[in-house]
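Combine both chains into one complex, guided by the hints.
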Amino acid sequence: MENKDDILEVRNLTINFKTYAGKVQAIRDISFDLKKGETLAIVGESGSGKSVTTRSIMGLNAPNAEIAGGSIKFKDEEILDKNEKQLSKLRGKSIAEIFQDPMTSLDPTMKVGKQVAEPLRIHQGMSKEKAMEKALEIMKLVGITNAKERINDYPYQFSGGMRQRIVIAIALVNYPQVLIADEPTTALDVTIQAKILHLMKELQTKINTSIIFITHDLGVVAGMADRVAVMYAGKIVEYGTVDEIFYNAKHPYTWGLLGSMPTLDTDADVLPSIPGTPPDLLEPPVGDAFAARNKYALKIDTLKQPPFFKVSNTHYAATWLLDDRAPKVTPPADIVKRQEHFKATHNN
Amino acid sequence: MVRYLAKRIFYLILTLFIVTTVTFFLMKIMPGTPLTNEAKLSPSERNMVLQQYGLNKPVWQQYISYIANAVHGNFGTSFQFSDQQVSYLISSRVGPSLLLGLQAIIVGVLAGIVVGSLGAIKKGTWVDTTTTIVSILGISIPSFVLSILLQYFVALKWGWLPIAGWSGFAYTILPTLALAAMPFAESARFVRTEMVDVLSADYIELARAKGLSKFGIIYHHALRNSLIPLVTIVGPLAVNIMTGSLVVENIFAIPGIGEQFVNSVVTNDYPTIMGLTIMYCFMLCVVLLITDIIYGLIDPRIRITGKRG
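Quick note, the sequences are listed as chains A and B, same order. If you're matching positions, the first sequence starts at 254 in our numbering and goes up one per residue. If you're matching positions, the second sequence starts at 122 in our numbering and goes up one per residue.
In case anyone wonders, no lab produced these hints; they're calculated from the structure. In this text, a Cβ means the ideal position worked out from N, Cα and C, and glycines have one as well.
Here are some of the chain A residues that sit facing chain B, going by a computed Cβ distance under 7 Å:
#, residue
1, S341
2, K346
3, E350
4, F352
5, S358
6, L359
7, T362
8, E371
9, P372
10, I375
11, Y409
Taking lysine-lysine and the BS3-like style, the derived pairs with C-alpha atoms no more than 27 Å apart in a straight line are:
#, chain 1, residue 1, chain 2, residue 2
12, B, K335, A, K387
13, A, K335, B, K335
14, B, K244, A, K271
15, B, K243, A, K335
16, B, K335, A, K346
17, B, K244, A, K338
18, B, K335, A, K364
19, A, K326, B, K335
20, B, K335, A, K381
21, A, K276, B, K244
22, B, K335, A, K338
23, A, K342, B, K335
24, A, K338, B, K243
25, B, K243, A, K271
26, B, K335, A, K383
27, A, K342, B, K244
28, A, K335, B, K244
29, B, K243, A, K276
30, B, K335, A, K367
31, B, K335, A, K271
32, B, K335, A, K328
33, B, K243, A, K342
Covered by chain A, per the in silico footprint, the following chain B stretches (three or more residues, Cβ under 8 Å):
#, stretch
34, 312 to 326
35, 329 to 337
36, 340 to 353
37, 409 to 423
Just chain B, same shape as in the assembly (with noise of 0.2 Å):
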């Protein structure tokens, strides 16, 4: 196990080095610079702060002095807001990002084992068709379009919840519900795939050979197996949240960090860009690295070693 945990980590830095690189070479041939928006300055005043920041040195040693301030833990100073740390712009705004993300995938994640279990169950009926045509809207409709959605309804025309914002739990109850549209869907939709496949296999047919009710057959033996699998797609919906709380974030006026990334590409605020992108890669490496963890503590057959095959 400690073997194993080396050698995943040793990979996320490697990983985390590669995704640094590439986005830091892939900004600088975007068009435009942090001062494109400014038009009153004139040339020499650019050339100026240009040399205060750095962006006047040759692409190469720019990244190599990036690198080395990264690898102390020091990500640079917002070109946006002129004296703040990135690493301080960041953790101040992780919080709400973090609470919304989780709330979502609990949410989406619970909500999609429950209708998808019921579609399995009651596969063929209307209750399979209706769960299947409510999946099937969940994968479909942006997070953007579900937001304003929510917006419109609940909060402008029923006046149920506030419509946007972030001063409360009140405040985090539209854009959680926004969040968890796709991990829903896709989970309800594996949940009910796996779980038809699980129920029609020999070991359930030999659990109602044994005098197992419905239920009893649900509960003990169909339920383990089919989410085992489910543990496995954890992964991808996280980054799902991820990239939809860009979006949802600004729709619902969260100061989070998907707001604050949307925020910076279009400054071209070059190291808060990179610190975010940075972090967004850590949260997901760490995201994929415990589903595996997981999933070799929930599934006896695989045991986790530091040995190949």
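Looking at chain A on its own, in the form it has when it is part of the complex (with noise of 0.2 Å):
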């Protein structure tokens, strides 16, 4: 580990997917750490490579996923050079996963009880009876109502939010010190989704683990992230603290998410969106990713890839825009508008 304050640590990352078309460059040398304790949010559209990134965490990727180089630490262990068996015995106990949709990740035919018991039961070695009775108590933190009642019911007989509670019971269950999740609250509707990202913020201080969060919603991340990343097009474009990704954002792509975040005052018809779609990464550009949908685009962004300049120690961006010979560009002024609009409501 370069840094002891880390738990988990992301080099050079490069994953490619074997297709019949060819090869398609899902993730292009991404770098990230994770701090004890953090919740580092990974933010972009989709297709940006945020869930294979996660995934390869857990060598959870499809078979035809093709590790190309780089490496990913997890407290000093190397997780790419473990096998299978090894990665299991890692899986659902120091690093577990929230998947997105809660309607189709429980087992429709096995009692809630038993699946949150399992990996109890797996890693731990506990006895049924012994696993029941901590499933019940983690059942209960998580806020099943009526929990001892309940153990029993199969997931058809759960609401959505009810059975995403389930589905945090189960990766919380053996205290992992690494959470993924995987977009959790997408699938939920927003009253409930502001419940779950409540709940996932309590239990994160009682059982102190490390959360890396997958959005694709900046609104989402504010309340929730200490740091964030922005990826775009299998690549880190940007990454630095919440405040300063929401006040002093320095990529284009990050403006273009922000613009695209509606706010109480947001009163068009249309939402802005960015323009255009993300490029073919069987043939990745040469160039920044993102040129083609920039209207601040220079000649050098279509040539060379940008290198990731330091905005302050916590804040970078790969943006030829940083350049010291490139022209001074402002972001636009809705965005300024929505970054005085922040910092106004947060000091509220």
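Here you go:
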């Protein structure tokens, strides 16, 4: 480990998917750290590589995924060197995951209590009775009402929000050190979303875990994360603390994301969006992958990949706009307005 | 549950009644009478026999008297074996057929589960290809061809098992295999498809993320979920075996009801045809009812009630 505060270090990770059409370069040389006890949000649109990144941390990628290089270190253990058996000792114990869709991620024909108890039985070799006792305890902790009576119910007897609580219980039952939450609230309606997010925040302090929170919704990030990494086309384009990303974003793609976030003042009929579509990762562009959709793009953007420019000790952005030779560009007016708005609401 | 059963039994009786009626008239439309093959009879002798069996009355009268008797459990006397009650004829022959049918469905479905699961787990490898080829063969080779092949190789050429007849377990093996081919192939294909589906489900991914081993995932999560729908095809498979037994019992000279059925049709033995049809229909309805009940028992999402919807 390069830093003793880190629990997870990803360095130069590169992942390709072999398909009939060729190699899809899903993850292109990304690096990030996860510190003990913090929540890191990975933000980006569909297909930007958020889930592939976290799946590879658990060794859960599809068989056609090929790790072309890099390293993933969990507490000095190299995850990429582990075989399936060694990985399964880690999964559900030290590193756990909350899945996106609670309607499909529970086994429909197994009683929920048994499903929650399963990781205990596998990793701690607990007896059936003891595991069920522990399962009940964690089900109460995640807020299943009447947990004792409901432990022998089947998933179809629960609502979506309750099911997601059960999925969370399954992930947390072994008190993992790293928790990956892959869009855990996307499939839920908004009022339930808030409750689930609140629950995750609360449980994080209770069992002291680090969270990687994947989402495409910056609105969710604000209340959840300590730090944010913005991904685009298989690369991290900007990362920093939540405040830095919300108040002082430097990458035009991040501006685009912030601009497409509705606020209470939004009264337009059509929500703003980033024009164009992400590039084809079978043959990613030579330069900045976002250049084609970027109205601030410079000539060099189409020729050369931008390196990370330091904004502060914790804030980096990969855009040529930060180069000394680049023309000075200020964010679009509505983004500035938003940043003011965020600051104002934050201080209240 | 009681209400549901009562409802199903009512439908069962209704089905039996309709099948009986349709078969009765179909049989009368068929060319020929039980006496077609008796060329030596003079017209007056012929009339006498027809009168004795009540075959000279109008068809609707024959029908009414048949139904009236059948309701009282009297299915008449066989024409072919003149002093044998149809009910006795059937009950004395039902044993071998039931035994063969049960053996065939158990062997076929169990082998189908194993082979189908293997195909799904090893999807895309030579194992999958082999199991697919085997099940396609099982579906496309008719049971009479398979019976004859088995007789030729296993019994005649290699002499491992008796070629035909009915005296002991060894005699049941070849006909069981011949009958099991279809249910085996069908359930193998079915289980493979189901399990491929289940293995790509989110809850299997979650099971992996829990740290379950490959075997644990199959055993604890994939099997149950892919086998539950299999129950729905066991009914049709049982039908398959029943119709298959008509041919297979003849080839292996097994004194079962299938062989009897074919004989009765050939000789226009009306009461026996009727009796056997009713019995087949009854067995079929019972098999379907049982599979529905089993489905409700093993799938927690389905609860049987008498109510609609």
